[in-house]
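Make the full structure from the sequences, and use the hints.
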Amino acid sequence: MDFNRRQLLTGTAALAGTMMLGSPAVLAQAKPRVVVIGGGAGGTTAARYIAKDSAGAIAVTLVEPNANYQTCFHSNLYLGGVRDYASITHEYTALTKNNGIELVRDRATMIDRDKKEVVLAGGRRLPYDRLVVSPGIDLKYDSVPGWSQAAEEAMPHAWKPGAQTLLLRKRLDAVPNGGVIVMIAPPNPYRCPPGPYERVSMMAHSLKAAGKDRCKIFVIDPKETFSKQGLFQEGWEKHYKGMVEWLGPKVHDGVKSVDAASGTVVTGFETYKNAALVNVIPAQMAGAIARDSGLANASGFCAIDPSSMKSAVDANIYVLGDACIAGDMPKSAFSANSQAKVAAMMIRGELVAARTFPARYTNTCWSLIDTDDCVKVGGAYEAKDGKIAASSTFVSKTGETAELRKQQQAENMGWYAGITADMLG
Amino acid sequence: MALPRLPAMSVGLLLASASTGAPAGDRELGEYLSAECVTCHQISGHETGAVPRITGWPDDHFVAVMNAYKDKHRDNPIMQTIAGRLAAEEIEALAAYFGAVQSQSVAK
Numbered sequence: 001m002d003f004n005r006r007q008l009l010t011g012t013a014a015l016a017g018t019m020m021l022g023s024p025a026v027l028a029q030a031k032p033r034v035v036v037i038g039g040g041a042g043g044t045t046a047a048r049y050i051a052k053d054s055a056g057a058i059a060v061t062l063v064e065p066n067a068n069y070q071t072c073f074h075s076n077l078y079l080g081g082v083r084d085y086a087s088i089t090h091e092y093t094a095l096t097k098n099n100g101i102e103l104v105r106d107r108a109t110m111i112d113r114d115k116k117e118v119v120l121a122g123g124r125r126l127p128y129d130r131l132v133v134s135p136g137i138d139l140k141y142d143s144v145p146g147w148s149q150a151a152e153e154a155m156p157h158a159w160k161p162g163a164q165t166l167l168l169r170k171r172l173d174a175v176p177n178g179g180v181i182v183m184i185a186p187p188n189p190y191r192c193p194p195g196p197y198e199r200v201s202m203m204a205h206s207l208k209a210a211g212k213d214r215c216k217i218f219v220i221d222p223k224e225t226f227s228k229q230g231l232f233q234e235g236w237e238k239h240y241k242g243m244v245e246w247l248g249p250k251v252h253d254g255v256k257s258v259d260a261a262s263g264t265v266v267t268g269f270e271t272y273k274n275a276a277l278v279n280v281i282p283a284q285m286a287g288a289i290a291r292d293s294g295l296a297n298a299s300g301f302c303a304i305d306p307s308s309m310k311s312a313v314d315a316n317i318y319v320l321g322d323a324c325i326a327g328d329m330p331k332s333a334f335s336a337n338s339q340a341k342v343a344a345m346m347i348r349g350e351l352v353a354a355r356t357f358p359a360r361y362t363n364t365c366w367s368l369i370d371t372d373d374c375v376k377v378g379g380a381y382e383a384k385d386g387k388i389a390a391s392s393t394f395v396s397k398t399g400e401t402a403e404l405r406k407q408q409q410a411e412n413m414g415w416y417a418g419i420t421a422d423m424l425g
Numbered sequence: 001m002a003l004p005r006l007p008a009m010s011v012g013l014l015l016a017s018a019s020t021g022a023p024a025g026d027r028e029l030g031e032y033l034s035a036e037c038v039t040c041h042q043i044s045g046h047e048t049g050a051v052p053r054i055t056g057w058p059d060d061h062f063v064a065v066m067n068a069y070k071d072k073h074r075d076n077p078i079m080q081t082i083a084g085r086l087a088a089e090e091i092e093a094l095a096a097y098f099g100a101v102q103s104q105s106v107a108k
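Protein chains in written order, with this note's numbering: chain C, 1 to 425; chain A, 1 to 108.
Bear in mind the hints are in silico, worked out from the structure with no lab data behind them.
The reader is advised that the hints may include incorrect statements.
What the hints assert, rightly or not - Covered stretches of chain C, going by a simulated chain A footprint (3 or more residues, C-beta under 8 angstroms):
| id | stretch |
| --- | --- |
| 1 | 121–133 |
| 2 | 356–364 |
| 3 | 384–396 |
| 4 | 410–423 |
Backbone N, C-alpha and C define an ideal beta-carbon position, used for all residues, glycine too.
Okay, structure coming up:
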């Protein structure tokens with residue numbers, strides 16, 4: 001009884017102290033530790049919200065091998081010449097300094113779930129009370145016959161940011177007028193559902209701006225339909241007439257093989273020879289650390305509890321963003337950011353008895369078709385029937401006014417500034 | 001067994017006592033809900049593109065604008081979706097939370 005009473009009093013004193021600083025409730029106890037794997041939209045947001053909202057009561061360590069962060073979102077705008085590369089490149093300095101987060105520049109190679117430790121490539125082991133796994137995607141290099149990791153220089157994917165993004169831009173700029181570009185689009189589920197089609201739009205925009213309007217972009221798609229299809233196809237017809245041809249599986253009958261050396265793509269319908277650029281966006285799966293640690297199921301992605309983002313197989317681990325199975329939510333930076341806030345709240349609830357509320361999620365994805373012609377899709381989501389289910393959705397309509405489309409591009413730019421500040425501020 | 005319940009109860013009491021003269025909204029609930037907003041609307045008050053500042057607004061103004069989206073009198077589908085699932089007390093909580101951020105955002 002005495003022990004309990006003392007704990008209660010200590011807890012109250014600590015609480016009063018932190019309240020004066022405007023901070024949430026903290027129990028007096030050894031400082032709990034959270035390790036976050038992955039410095040993308042999910043990982044940075046989770047690290048920041050746990051650190052910021054616990055005001056030093058939880059030790060947060062972010063594990064990320066890259067020195068800088070290039071956003072995948074808006075990398076198509078870089079490709080189209082709408083943004084420069086510096087503007088989609090960010091540092092982790094403010095995130096770590098402003099929020100008291102330890103950044104470990106290393107790669108997580110293993111999770112020892114029994115010991116609750118993350119093992120790094122450099123040999124260091126990081127113990128955790130709760131672990132956030134947000135590694136993004138890995139590419140299935142064997143999903144396109146004839147393509148491989150060795151072929152990614154000749155036929156870039158640019159579906160992970162950085163060197164590949166720069167390479168694709170360089171290759172696009174080198175395409176001669178009249179050159180053929182072939183994009184092999186990915187099967188579901190994949191990162192950024194409208195992304196391939198915004199990319200096609202930005203490629204066409206760049207070609208047209210350079211006076212290369214005799215170029216042709218063929219999209220070989222394994223899907224019967226795609227995100228914002230009517231909007232993109234309307235836009236291609238309006239802005240890039242004759243430059244873009246989308247082929248569904250019933251038409252092309254599948255990609256039979258590609259040959260990186262000769263720039264050849266063979267489909268059941270046609271063979272494209274001497275393509276000036278082939279952009280292969282392959283099938284995808286959760287990042288290796290999630291799969292190697294037994295967090296992924298047979299789909300290659302990780303099942304989660306939709307009310308918390310907690311892993312379905314390990315109560316000490318949360319999986320966020322592209323690596324998780326988020327029901328109706330698309331794989332997007334916006335989704336990862338939204339999921340991270342739910343996870344951060346639940347983790348603070350578990351570790352420092354912070355107040356928790358029912359999970360709710362949001363997403364919006366903007367896509368730029370041409371200068372000041374931007375469309376959007378989005379929704380609100382909640383835990384329902386064992387998954388994250390859409391409670392309300394919206395999508396732009398065909399035939400919208402130029403004024404509205406321009407306004408939506410201004411929103412898109414505002415969102416980019418907002419989410420990067422929210423992740424990295 | 002009663003220990004884990006204490007902080008939440010105390011927070012409620014302390015908030016109540018600290019909020020004398022403050023808006024009626026539950027600021028802690030507002031802070032949680034605000035996370036949804038600050039993906040686009042910067043908590044610093046900075047404005048970029050077509051995403052306006054939402055900090056430091058008078059309570060009644062904030063509530064009126066959110067209700068206009070909720071009732072679809074204002075036409076941005078994102079805001080209609082966000083506001084559409086907020087209950088009246090949740091909109092009040094957000095108004096209380098973002099209203100209190102005023103002093104930080106107005107500072108030059």
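Status of each hint after checking the structure:
no., hint, in the structure
1, 121–133, "violated (count 0)"
2, 356–364, "holds (count 4)"
3, 384–396, "holds (count 4)"
4, 410–423, "holds (count 12)"
Against the hints set out earlier in the document, a violation occurs for number 1 only.
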